[in-house]
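Undergrad: Input sequences plus hints: build the corresponding full structure.
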Amino acid sequence: MAEKAVQKMESQEVERVERTRSGRTFLPPTDIIETESEIILLADMPGVDEKTVDIILENKLLTIQGNVETRDDNNLQTVYAEFESGDYYRAFTLSDDIDRERIQAKLKNGVLKLVLPKAETAKSRKIAVHTGE
Amino acid sequence: MKIKELIPAQWGRSEVPVRRTMDSSPLLDLQRGMNRMFDQFFDDFTGSRFPESARNVYPQIDIRETDQAVEVSAELPGLEREDVDISIAADVLTIRGEKRQEKEEKNGGVRYVERTYGAFRREIPIRAEIEVEKVNAKMKNGVLTVTLPKKPESRRMARRIEVQ
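Chains as they are written, first to last, in my numbering: chain A, 1 to 133; chain B, 1 to 164.
Hint data in this document are derived by calculation from the structure and do not stem from the laboratory. Among the clues, some could well be false.
[Said to hold, decoys possible] Computed beta-carbon distance windows for the label pairs: (1) A:V79 - B:E82: 23 to 33 Å; (2) B:V57 - A:V115: 27 to 37 Å; (3) A:K108 - B:Q31: 40 to 50 Å.
Glycine residues also receive a C-beta, built at the ideal position from the N, C-alpha and C atoms.
TA: Next up, the structure:
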């Protein structure tokens with residue numbers, strides 16, 4: 001396992017929007033993979049299911065938001081804590097090259113997978129070179 | 001399309017709707033910034049609730065307790081039930097597993113990586129005596145919760161003491 005901070009990062013962006021829920025908000029760690037035909041986003045959002053995630057595309061801004069149910073029940077007392085649960089929020093700016101109509105989202109085991117297909121015009125095309133005879 | 005364009009909206013050019021009524025005063029902004037700085041500083045200083053030594057251990061765990069049971073939870077996004085191996089021996093709970101990259105991720109081209117991958121193993125000492133046969137584990141939305149019921153004799157009886 002690579003030596004890197006695994007502590008959740010708190011979102012700073014969220015202070016810029018008004019919120020109706022209290023509690024902390026974290027930035028989901030996200031992998032971005034670009035292939036020839038699409039861009040895949042994978043975001044770790046443990047505790048979020050398909051009902052509590054919101055994905056909003058407004059103009060160029062893609063916003064991912066996930067709400068986590070707080071687990072404060074049955075008089076459990078915290079004796080040791082390394083992570084805190086909280087909501088997730090992250091925003092990405094998209095370019096015009098994404099085919100917005102075909103964006104797909106899937107959530108499984110707390111990982112959100114967003115597939116952003118590239119628009120036809122943005123795909124790289126290989127141009128065949130013929131001999132000039 | 002460049003990968004750079006997908007990197008989170010930057011401070012300056014964010015299109016997130018911003019509340020700009022009372023807060024537009026630069027003094028207020030400065031004060032808020034200072035407050036946040038101090039908060040962060042003192043969080044580090046007093047260690048808050050997170051032990052410094054555990055900051056880079058994966059997975060991060062929380063332990064909670066009632067007088068009936070101990071509950072250990074860990075955030076393991078992307079793992080299936082089968083990927084996690086949990087065992088208990090005497091007073092040590094071991095969580096083992098491996099987070100693999102998904103198929104689509106392997107044949108990808110350019111990538112920007114923030115998530116953590118790889119094999120992990122964590123041993124967690126449990127203070128109470130546990131009924132080993134009754135331990136159960138649940139995996140839901142990437143959060144693992146292990147419930148370890150305490151042995152009756154180990155339950156801390158809170159006894160009320162009369163003041164004479």
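Undergrad: Output the numbers, in ascending order, of every earlier hint that fails for this structure.
TA: none
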